[in-house]
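Please arrange chains B, C and D on chain A, whose structure you already have, making use of the hints.
As they're listed, the protein sequences go chains A, B, C and D. First residue of the first sequence? That's 1 in this note's numbering, and the numbers climb one at a time after it. First residue of the second sequence? That's 1 in this note's numbering, and the numbers climb one at a time after it. First residue of the third sequence? That's 1 in this note's numbering, and the numbers climb one at a time after it. First residue of the fourth sequence? That's 1 in this note's numbering, and the numbers climb one at a time after it.
To be clear, the hints were calculated from the coordinates, so they are not data collected in a lab. For each residue, glycine too, the CB sits at the ideal point set by N, CA and C. A portion of the hints provided could be inaccurate.
With a straight-line Cα cutoff of 27 Å, these simulated BS3-like cross-link-like pairs (lysine-lysine) come out [as the list claims (entries may be wrong)]: (1) D:Lys31 - D:Lys18; (2) A:Lys204 - B:Lys9; (3) A:Lys298 - A:Lys204; (4) D:Lys176 - A:Lys77; (5) A:Lys77 - D:Lys186; (6) B:Lys35 - A:Lys205; (7) A:Lys321 - A:Lys188; (8) B:Lys35 - A:Lys204; (9) B:Lys9 - A:Lys298; (10) A:Lys188 - A:Lys318; (11) D:Lys31 - A:Lys315; (12) D:Lys44 - D:Lys31; (13) A:Lys204 - B:Lys85; (14) A:Lys188 - A:Lys298; (15) D:Lys18 - A:Lys321; (16) B:Lys24 - B:Lys9.
Rough simulated footprint, nothing fancy, chain D against chain A, three-plus residues with beta-carbon under 8 Å [stated by the list, open to error]: (17) 88 to 97; (18) 250 to 264; (19) 336 to 346; (20) 354 to 363.
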Amino acid sequence: MSLTDRVLGDRQQLAYIASQAADARLNVELETEGMTLNIGPQHPATHGTLRIIARLDGEQVVWAEPACGYMHRGYEKLTEVRTYPQVTTLVNRIDWLGSFANEVPFILAAEKLMEVEAPPRAQHIRTILFELSRIANVSLFLGDLGVQLGAITPVFLAFRDREYVLNLIESATGGRFHPNFDRIGGLKDDLPAGWIDETRAVMKKLRGFCDQIEDLLFGNEIFQSRTRGIGVIPREVALQYGLSGANLRASGVDWDLRRDHQLPMAWNQADWKVWTHPDGDSFARCWIRLQETRESTKIVDQLLGSIPAGPVMAKVPKIIKVPEGEAWVSTENPLGEMGYYIVSRGDLGPFRVKIRSASFNNISITPWLLRGVYVPDIVTILASLYFILGDIDR
Amino acid sequence: MPKVPGLVKGLGVTLGTLFNTATKGSNTVQYPHEKETPPIRSRGVIALHQDNCTSCMLCSRSCPDWCIYIEAHKELAPPRREGGKPRQVNLLDRFDIDYALCMYCGICVEVCPFDALFWSPEYEYSEPNIADLLHDKTKLSEWMETVPEAPALEAGADKKKK
Amino acid sequence: MSALLAEVPYWGQSLLRVLGGIVAVLLPAGTIVYIFLFKMMSFMQSRLGPMEAGPYGSMQLFAEVGKWLQKEDIVPERADARIFKMAPVIVLLSTFLLVAVVPFGPDAWFTDFETGIFYALAVSSISVLGILIAGWSSANKYSLLGGLRAAGQLIAYELPMVLAVVGVVIQAETMNLQKIVVAQNSGSMFGIDTFGHPYVISQFIGFVIFMIAIQAELTQAPFDMPIAESELVSGYMTEYSGFRFLIFFIGEFATAGVFAMIASVLFLGGWGVPFSWFGWTSIDSIDNWMNVVGPLIMFTKMMLLVFIIMWIRFSYPRLREDQLQRFAWKGLIPVALLNIAVTSILKVVF
Amino acid sequence: MSTTPDTQPRITSVAEVKAALGDRIVDSFHKEDLWLRVHTDAWKSSMRTLRDTLGFHYFCFLSAIDWMPSPYGRGEDDPTEPAPERDTTIRQGYAGGETRMQVFVRVTNPVTHVSVIVKVDVPDDSLAIESIHDVYAGANWHERETHEMFGIKFDGHPDLRNMYLPIDFEGFPLRKDFPLLARMVKPWPGIVDVEPLPGGDDNQGGDDQ
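This is chain A alone, in the form it adopts within the complex (with noise of 0.2 Å):
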């Protein structure tokens, strides 16, 4: 650890033991006792159904565990009962504001085993979607944040916005939120006529949304100091909570499965950059996925300047069985590193499904995170951390 991470550490350690002793020092005193905040399951800032105990003295936060578990809808076991054309759409919905992206590690998954690539221009389209999908979630991301520290704005702006995206997935697949479109060996269908020009005008309001909120939020005085220091995650603690995503980019790891996984995706032909940030504080985190937004907008239109032509869907059998084996693949998703790691016995369906969902892994630091904070730095904090309830509990 270098020595701001030590720093860091020490002063979260520092206010820890503070409030420890004034807890016990009160307790003797006044005879008062500290107090047991439950923040959810239903609350603004959980955005789903997330509950938050919290332990406060005063306002600062003695310790606090994130109980989760309203939202366990059994998808490992579910997927045992299901074929594999029925696990997509099951996944689709388990990070709701991404689901193209939760298809997609699946599919490659089931490709590995079964040894098939999807040709070129389904790669591609799917990279594109992909992307969108990001876009997307991201976007309400950054809306959402400025509701949770205060500002009513952004949020409007982002549903705007993000709109335009939504309806370029619906035009594509059919479906706005769960789209389904990924299939073993290839897409659905093609993309329909108008559809390349139509994404490129949308990804240019996108990036003046970008810009705005930027100007809007980012560059606000008030939000970067509600923001800056709050929270930080040094490296080492990214890694090994198994952090991903902008998160661990945050953090200062250089880390993009995009970038360092070869996958039968598109995202190799673009110029991009993976951006990361050194401080690991809420800042940092939510200024990673401002720049991904961008970066995603400009894969979109470099990839949609290149789709080859061809057929979407490789030669499959129409039943689906899927040779034995097993075979992990995960993606760069919207929340963080998505995966599956997939069980076949030969079957029509798979044996056993791990669903590696990234929020998981982004929300299991918050016991460690908000010790030490204030009941305000808490909704910062797990704005900046994004989770999804879906992708929690899955």
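Okay, now just chains B, C and D, sitting in the frame of chain A:
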């Protein structure tokens, strides 16, 4: 140029949006009065073309939610060619889709080998009573009118696909 | 108003004053809610806002009031019922008490206190009591946190507000709000009397501090952590429903209006126009029509100030509790004190 | 272009990983990814070696597999017929195994992007292995989840409370012999439900589709 403080820039963004909305109109649609047309591929509701259905049960079996209920009986139909044997056909007694369960994945439409199921972008069929979301074959057939033509494909698409 | 009402018996005068007070509080509140909360906020967020009730949704507020009046008046089981019910009334009461000293025209005023501004600053802190009571008696942890935050915040920002006013008082040499208006409109700047002497120019620092303090007193963003809907779920108002919530709601915007009025009286010349325009020399020589036009001018200036308050509210995220306190004690108060010192020195020198 | 090919380190490191773990490895399998199976006793120490010696700092996930095929199939049986016989012999996957339950974990070296999947047998009688939450802090929640879903105990874990299910929930949902109620409460609508012709004439006539 000196750096404009972020606080001022933020005010500029909101004021700019204010003027944009006032001059160019808002981004919202006043729903019951005006409506957006959903894209052609939009998965709104499933329409049933009864004549094409052979009650092969494929859709019902591939439905992940088990929300399609089919009952049929066999019947003799007049032969297709002159002098042929009378054909034995499956006649639909019941074809229900429970939209309270359906998750709009579209697998049934995809697996249907006889083009009996179609997606329609229609979306206004909410019901005050959840039981009414079970659409029977008459209701499903009525949706057929709203089924649009499949859209043209983007340049470079493989023309062989249906 | 006294001159206008000379022939009306005392009980009639009192009745008219009460009616006038209600109009002076509710009319701006309603207008602010419709124009700023419903429409301006929506337009800033690129939507239209309410459009169904009345033309362009102008009757929406009445619909909302109707809705709130119909709702059940819920008192939490473990709440301290009596003071729980009292709290919103106290908050609204302070607004009504506040409007009593605001002058709307040369003769259109409710009471003409010699120490008007002193009184106004005193009664404005009554609302703190109401909020603290609401937060405490709700028997809800969020409300308690919100109430305590509100108390800390309102008391902290009372100080810069008072100190900002002191500068005006020094310049006007009076604490009577009517006389402050007259002093601004009959004064001159560097010998030019075309614009009178609105204190927003000579007391610009005081004005900014006063507006910031108002923003905080009204618990509007970026100072809205007592309400903080995304962390404290509306803070001290969490447990209120029905018409008690309505009273809080009216209180919030009515207070915004009244504070903006006071600010316009102190810094923008209140109801008046520069006297030189019409050749008036003193308050007695003003034409009577100013009693009708004056309130309109006042209303316009108030709306301008509320626009700024709301604009900031819709654009900024919220500060944290400790940042807010630090800002008040380490930033605003020293600056305000410095402002007083400079003002008094200049006053003595010139 | 910011692509760094990672096939190279993946291959070279296999030998390295195997050498570092030595005889703690029972079995291994290499096909794009590297699967290792370690001795149950050496579970925690192997993870520690992986982290400290080989730089596998990034904790990806931890979970378990129940290798016994489900006796219920996909819940698509006709309730009126007797339940079909299903083969429930336990057959482990890559890198083999000896027990019904296996815990597996995936860790990555964030610098070289090499990953390994480490499996470990969970003894059938005790159903307990060591907790690795003090090696990888992130394993804490994953072990809780695995405990809840498979009933595997993790010795040394500070807090094996349920994450998802109610405290008084009985059973371990992800075990294969735990029935999925949603598929039990009603019969599969896909069971062929076509009434035959009254005459019982079963030849397919002119049905030429």
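Do the hints match the structure? See the list:
For the hint pairing D:Lys31 with D:Lys18, the CA-to-CA distance comes to about 15 Å; that is within 27 Å, so the pair holds. Between A:Lys204 and B:Lys9, the direct Cα distance comes to roughly 21 Å. Compliance with the 27 Å bound is thereby established for this hinted pair. For the hint pairing A:Lys298 with A:Lys204, the CA-to-CA distance comes to about 10 Å; that is within 27 Å, so the pair holds. The hinted pair formed by D:Lys176 and A:Lys77 meets the criterion: a straight-line CA distance of about 9 Å does not exceed 27 Å.
For the proposed pair A:Lys77 and D:Lys186, the alpha carbon gap of about 18 Å is at most 27 Å, so the pair holds. Taking the CA atoms of B:Lys35 and A:Lys205, the gap is about 23 Å. The hint holds against a cut of 27 Å. The hinted pair formed by A:Lys321 and A:Lys188 meets the criterion: a straight-line CA distance of about 18 Å does not exceed 27 Å. A distance of roughly 25 Å separates the Cα atoms of B:Lys35 and A:Lys204; the hinted pair therefore holds under the 27 Å criterion.
Annotation: proposed proximity of B:Lys9 to A:Lys298 holds, straight-line Cα distance about 25 Å (limit 27 Å). Only pairs whose Cα atoms come within 27 Å are accepted, and A:Lys188 paired with A:Lys318 is accepted, the gap being roughly 13 Å. Restraint check for D:Lys31 and A:Lys315: satisfied, since their Cα atoms lie roughly 24 Å apart, inside the 27 Å limit. A hinted pair counts as satisfied when its Cα atoms are at most 27 Å apart, and D:Lys44 with D:Lys31 qualifies at roughly 25 Å.
The suggested pairing of A:Lys204 with B:Lys85 is violated, with an alpha-carbon distance near 65 Å, which exceeds 27 Å. At roughly 25 Å between alpha-carbon atoms, A:Lys188 and A:Lys298 fall within 27 Å of each other, so this suggested pair holds. Our distance criterion of 27 Å between C-alpha atoms is broken by D:Lys18 and A:Lys321, whose separation comes to about 34 Å. Restraint check for B:Lys24 and B:Lys9: satisfied, since their Cα atoms lie roughly 22 Å apart, inside the 27 Å limit.
Given a C-beta distance limit of less than 8 Å, the hint that chain D covers the segment 88 to 97 of chain A is violated, as 0 residues qualify and 3 are needed. Only residues whose beta carbon comes within less than 8 Å of a beta carbon in chain D count, and the segment 250 to 264 of chain A has 6; three or more means the coverage holds. A count of 5 residues in the segment 336 to 346 of chain A with a Cβ less than 8 Å from any Cβ of chain D is obtained; the coverage claim is therefore met, three being the minimum. Requiring three or more residues with a Cβ within less than 8 Å of a Cβ of chain D, the coverage given for the segment 354 to 363 of chain A holds, as 4 such residues are present.
Checked against the numbered hints given earlier, the structure breaks hints 13, 15 and 17 and satisfies all the rest.
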